[in-house]
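Asker: Protein chains in written order, with the working numbering: chain R, 1 to 472; chain V, 1 to 472.
Any given hint could be a false lead.
[Said to hold, decoys possible] The calculated SDA-like cross-link candidates involving lysine to any residue, where the alpha carbons are at most 25 Å apart (straight line), are: (1) V:Lys224 with R:Arg417; (2) R:Lys137 with V:Gln254; (3) V:Lys130 with R:Gly256; (4) R:Lys224 with V:Glu174; (5) V:Lys224 with R:Pro258; (6) R:Lys224 with V:Arg168; (7) V:Lys275 with V:Gly346; (8) R:Lys72 with V:Thr453; (9) V:Lys72 with R:Lys224; (10) V:Lys137 with R:Pro258; (11) V:Lys224 with R:Asp247; (12) R:Lys72 with V:Ala457.
No lab work stands behind these hints, which were simulated from the structure alone. Keep in mind it's a predicted model, so treat the numbers as computed, not measured.
2 protein chains.
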Amino acid sequence: MNAPDLDVLVKVQRRPVPPAFLDALAQRFGDRCSRAQAVREQHGRDESPFDVPPPDAVVFCESTRDVADAVKLAAQHAVPIIPFGVGSSLEGHLLAVQGGITLDLQRMNQVLRINAEDLTATVQPGVTRKQLNEAVKHLGLFFPIDPGADASLGGMAATRASGTNAVRYGTMRENVLALEVVTAAGEVIRTGTRAKKSSAGYDLTRLFVGSEGTLGVITEVSLKLYPLPEAISAAICHFPSVAAAVDTTIAVIQMGVPIARVELLDANAVRAVNKHDKLALRETPMLLMEFHGSDAGVAEQATTVQGIASEHGGEAFQWASTPEERTRLWTARHRAYFAGMAANPGCRTVTTDACVPISRLAEAIAESVREADESGLSYYIVGHVGDGNYHVAYLVDPKNGAQFDTAERLNLRLVQRALRLEGTCTGEHGVGLHKQGFLVDETGEGGVEMMRTVKRALDPLNILNPGKIFSL
Amino acid sequence: MNAPDLDVLVKVQRRPVPPAFLDALAQRFGDRCSRAQAVREQHGRDESPFDVPPPDAVVFCESTRDVADAVKLAAQHAVPIIPFGVGSSLEGHLLAVQGGITLDLQRMNQVLRINAEDLTATVQPGVTRKQLNEAVKHLGLFFPIDPGADASLGGMAATRASGTNAVRYGTMRENVLALEVVTAAGEVIRTGTRAKKSSAGYDLTRLFVGSEGTLGVITEVSLKLYPLPEAISAAICHFPSVAAAVDTTIAVIQMGVPIARVELLDANAVRAVNKHDKLALRETPMLLMEFHGSDAGVAEQATTVQGIASEHGGEAFQWASTPEERTRLWTARHRAYFAGMAANPGCRTVTTDACVPISRLAEAIAESVREADESGLSYYIVGHVGDGNYHVAYLVDPKNGAQFDTAERLNLRLVQRALRLEGTCTGEHGVGLHKQGFLVDETGEGGVEMMRTVKRALDPLNILNPGKIFSL
Numbered sequence: 001m002n003a004p005d006l007d008v009l010v011k012v013q014r015r016p017v018p019p020a021f022l023d024a025l026a027q028r029f030g031d032r033c034s035r036a037q038a039v040r041e042q043h044g045r046d047e048s049p050f051d052v053p054p055p056d057a058v059v060f061c062e063s064t065r066d067v068a069d070a071v072k073l074a075a076q077h078a079v080p081i082i083p084f085g086v087g088s089s090l091e092g093h094l095l096a097v098q099g100g101i102t103l104d105l106q107r108m109n110q111v112l113r114i115n116a117e118d119l120t121a122t123v124q125p126g127v128t129r130k131q132l133n134e135a136v137k138h139l140g141l142f143f144p145i146d147p148g149a150d151a152s153l154g155g156m157a158a159t160r161a162s163g164t165n166a167v168r169y170g171t172m173r174e175n176v177l178a179l180e181v182v183t184a185a186g187e188v189i190r191t192g193t194r195a196k197k198s199s200a201g202y203d204l205t206r207l208f209v210g211s212e213g214t215l216g217v218i219t220e221v222s223l224k225l226y227p228l229p230e231a232i233s234a235a236i237c238h239f240p241s242v243a244a245a246v247d248t249t250i251a252v253i254q255m256g257v258p259i260a261r262v263e264l265l266d267a268n269a270v271r272a273v274n275k276h277d278k279l280a281l282r283e284t285p286m287l288l289m290e291f292h293g294s295d296a297g298v299a300e301q302a303t304t305v306q307g308i309a310s311e312h313g314g315e316a317f318q319w320a321s322t323p324e325e326r327t328r329l330w331t332a333r334h335r336a337y338f339a340g341m342a343a344n345p346g347c348r349t350v351t352t353d354a355c356v357p358i359s360r361l362a363e364a365i366a367e368s369v370r371e372a373d374e375s376g377l378s379y380y381i382v383g384h385v386g387d388g389n390y391h392v393a394y395l396v397d398p399k400n401g402a403q404f405d406t407a408e409r410l411n412l413r414l415v416q417r418a419l420r421l422e423g424t425c426t427g428e429h430g431v432g433l434h435k436q437g438f439l440v441d442e443t444g445e446g447g448v449e450m451m452r453t454v455k456r457a458l459d460p461l462n463i464l465n466p467g468k469i470f471s472l
Numbered sequence: 001m002n003a004p005d006l007d008v009l010v011k012v013q014r015r016p017v018p019p020a021f022l023d024a025l026a027q028r029f030g031d032r033c034s035r036a037q038a039v040r041e042q043h044g045r046d047e048s049p050f051d052v053p054p055p056d057a058v059v060f061c062e063s064t065r066d067v068a069d070a071v072k073l074a075a076q077h078a079v080p081i082i083p084f085g086v087g088s089s090l091e092g093h094l095l096a097v098q099g100g101i102t103l104d105l106q107r108m109n110q111v112l113r114i115n116a117e118d119l120t121a122t123v124q125p126g127v128t129r130k131q132l133n134e135a136v137k138h139l140g141l142f143f144p145i146d147p148g149a150d151a152s153l154g155g156m157a158a159t160r161a162s163g164t165n166a167v168r169y170g171t172m173r174e175n176v177l178a179l180e181v182v183t184a185a186g187e188v189i190r191t192g193t194r195a196k197k198s199s200a201g202y203d204l205t206r207l208f209v210g211s212e213g214t215l216g217v218i219t220e221v222s223l224k225l226y227p228l229p230e231a232i233s234a235a236i237c238h239f240p241s242v243a244a245a246v247d248t249t250i251a252v253i254q255m256g257v258p259i260a261r262v263e264l265l266d267a268n269a270v271r272a273v274n275k276h277d278k279l280a281l282r283e284t285p286m287l288l289m290e291f292h293g294s295d296a297g298v299a300e301q302a303t304t305v306q307g308i309a310s311e312h313g314g315e316a317f318q319w320a321s322t323p324e325e326r327t328r329l330w331t332a333r334h335r336a337y338f339a340g341m342a343a344n345p346g347c348r349t350v351t352t353d354a355c356v357p358i359s360r361l362a363e364a365i366a367e368s369v370r371e372a373d374e375s376g377l378s379y380y381i382v383g384h385v386g387d388g389n390y391h392v393a394y395l396v397d398p399k400n401g402a403q404f405d406t407a408e409r410l411n412l413r414l415v416q417r418a419l420r421l422e423g424t425c426t427g428e429h430g431v432g433l434h435k436q437g438f439l440v441d442e443t444g445e446g447g448v449e450m451m452r453t454v455k456r457a458l459d460p461l462n463i464l465n466p467g468k469i470f471s472l
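So that you can see chain R by itself, here it is in the shape it has in the complex (with noise of 0.2 Å):
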């Protein structure tokens, strides 16, 4: 098992960006290509904890012509190049540990086409996802895939990014329905059609969802689109711990009830967000449900999961019928991350992400809060139960070297649990910097080697994102 080495992980290896590079990037684009020391930092890091030197250059795109061309001239001359949409990685996947330029795929948001009658729609990669659904709201459609922060859907995308609602309606790899891309040698593909399912040849549709940019850049998203429920329902309800929580959840799941969100927070998430949303919520661990169907359909599997919570200890059983209330709720649960960060002024998060079966998630996280209780640390748990994928978030300072080394070490052994249990190190957010070494261990030497061959034969020069995933 390897531990992540952060000194290894963030080894800046700069490659030389030539002068005619950088001339000829200029010249093609004018002033949305900046060297600006502010523009350069902004696109140097996200919610990753590590700290890198920007990239070389930052090159705004407004089209798929503008990323081909900006990839021909970095194939030229051999320069890394790393797709950009809002900055909301947590693993590291924008840095520029190689150095070269970011292309800035922000203002390519445009929602191209919106085909209510097929339940799909075409945006560009800078689309994010709130944006999408104010779109397809007046047709009575909405997109479920929600990681929490609004990400752009072309970031999304690379790196199959699931989050609250996935437990019904699948992550990313499931709701992608084609790509256009631009490959490393500045070449436009399309990668399937809109048509709900195909055997026409390798899923390369699948190959670029999770490959984080070190494939090609993507730069149109055909996505599923699913008609608005005609009845939704949130329901919170408190537990005595956080395994009574979990274990209702798995007999939830077992059970079959097609619930549209499960999540947990633990009681120092509840805390963290009651504070930041000035909410007033039992300070115990929780669950944060939601029910689609028909009026009679949540009703029926509503009463089916009380009966089940009820049955573990679960009360306070607190329906939000109305969009205001349940938008609050939601709101601050997508906060949580940010909640947690307020309530340690100056700290960085740590964050888990293991995702292992249904029947061996009590398991994994009864040991992961022992540890973390053991650990002195700060730290609260948010999960996507229902898809038996879970967060440890811990909360360090920064100019705090132990503190970080006991994060790791802690996220090691959760790993190492969570791989024990059959599960994965990562549920959704990627492998990106952090989890190289995970990777290993979960896929062994002969998968990675194979994920590294198919890198070679597509990207030569290795200009596409280098570094992230695995090294070459």
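Assemble chain V onto chain R, guided by the hints.
Answerer: Frame of chain R; chain V shown alone:
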């Protein structure tokens, strides 16, 4: 647009099979390596209409080690390897167009593990879908993917199969959790864990699902299972025209009804199954539907669908709620392929497999019906219409070249139309030998070249089912 040129596609380019290789194979596998003409011929064809000389030998594998050893020997001598399940491919996937050896995996038929509490199972590749369903039935679980044939699960993964339940439960793309694969070098890798979701590096699982044996030999499959629904109800409904049945389906899908199966049979298909299965179905276009859920949920869905069907002229809505009635109807549906051939003794079937966005389905099918009627060929239509996927099966006399040519010309026009309507040339059968030109039309040279690049990188000697999906 490239029409399939059968002469080119089935041009046999046999590669040398050195006597030393066959000796080594015989030594390693003894009488589990057969060169008997009958055994070779049995493995030298599938359900496609192509005639190709059989492989040079057949090896009956009983373990992953067997597969790995066979592949290693083949790699030493650059001899082609073709994995074989039950031989139900429709597109020539199993034909030895470059000679070499077939690995018969039917003896690898163990259900290795059932994790009922996680709704997962791990099986060897020779386990068939019916066998798996028998093995999990007593646990109240089922595996929904149902391509009609009692195919092997390894083969279903390799072709990204789907079938009647896909409209609700997805395809093999969504239902394979992880694979064990023997690579072109004879090494064994695992592509994932039993976690429900993961962002751990490239999606090797999805790279192998649908790769048709060209990237590795699948030796284990981990799959999702589902709780048997509390209530299941099937219904048939007759329509005045194929268009009315299709329009009903479109409305049902667009309303978001979670229908489990919705199958179209045109009057020709109904006639064939009536005769073959001694049924007395009214010989008009019909939908065969199934609803899964709670008692209340099934009733709700059925009421909605019945209302929609009536609006489109559907009548004689008949329920089949007992398992026996349901089985009789679904068995008849599944036998449509053989019923069609039985109605035309001595014929072969040329099957199309287009899949289009649901809003384009009416147009796609209407034109196909018109062209088929005009052609004078015997044909019938069945379709997983809830997914936008339909099959026109042309019944041709294998000795009548003109009929074959007509069928292929219709196939070409049908695919051209599907692509124009933003669909795919193959919803579930795969590319095999037959659709290689269509794949280029659909994905573009750039996309196919990317597939070739991946293939060359992972199988540099081109020993894994060579000549399928694309030419190198």
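Asker: Take the hints in turn and mark each one as holding or not.
Answerer: These are the hints, each one checked on the structure:
A C-alpha spacing of about 23 Å is found between Lys224 of chain V and Arg417 of chain R, which places the hinted pair at or below 25 Å, so the restraint holds. A C-alpha spacing of about 15 Å is found between Lys137 of chain R and Gln254 of chain V, which places the hinted pair at or below 25 Å, so the restraint holds. At most 25 Å may separate the alpha-carbon atoms for a hinted pair to count; Lys130 of chain V and Gly256 of chain R meet this at roughly 22 Å. Only pairs whose Cα atoms come within 25 Å are accepted, and Lys224 of chain R paired with Glu174 of chain V is accepted, the gap being roughly 14 Å.
Between the alpha carbons of Lys224 of chain V and Pro258 of chain R the distance comes to roughly 15 Å, so the proposed pair stays at or under 25 Å and holds. At most 25 Å may separate the alpha-carbon atoms for a hinted pair to count; Lys224 of chain R and Arg168 of chain V meet this at roughly 14 Å. For the hint linking Lys275 of chain V to Gly346 of chain V, the alpha-carbon distance of about 17 Å falls within 25 Å, and the restraint holds. Note on Lys72 of chain R and Thr453 of chain V: the hinted pairing holds, with a Cα-Cα distance of about 19 Å set against a maximum of 25 Å.
About 42 Å separates the Cα atoms of Lys72 of chain V and Lys224 of chain R, which puts this hinted pair outside 25 Å; it is violated. A C-alpha spacing of about 21 Å is found between Lys137 of chain V and Pro258 of chain R, which places the hinted pair at or below 25 Å, so the restraint holds. Only pairs whose Cα atoms come within 25 Å are accepted, and Lys224 of chain V paired with Asp247 of chain R is accepted, the gap being roughly 21 Å. The straight-line distance between the Cα atoms of Lys72 of chain R and Ala457 of chain V is roughly 23 Å, inside the 25 Å bound, and the hint therefore holds.
Hint check: a violation occurs at hint 9 only; the rest are consistent with the structure.
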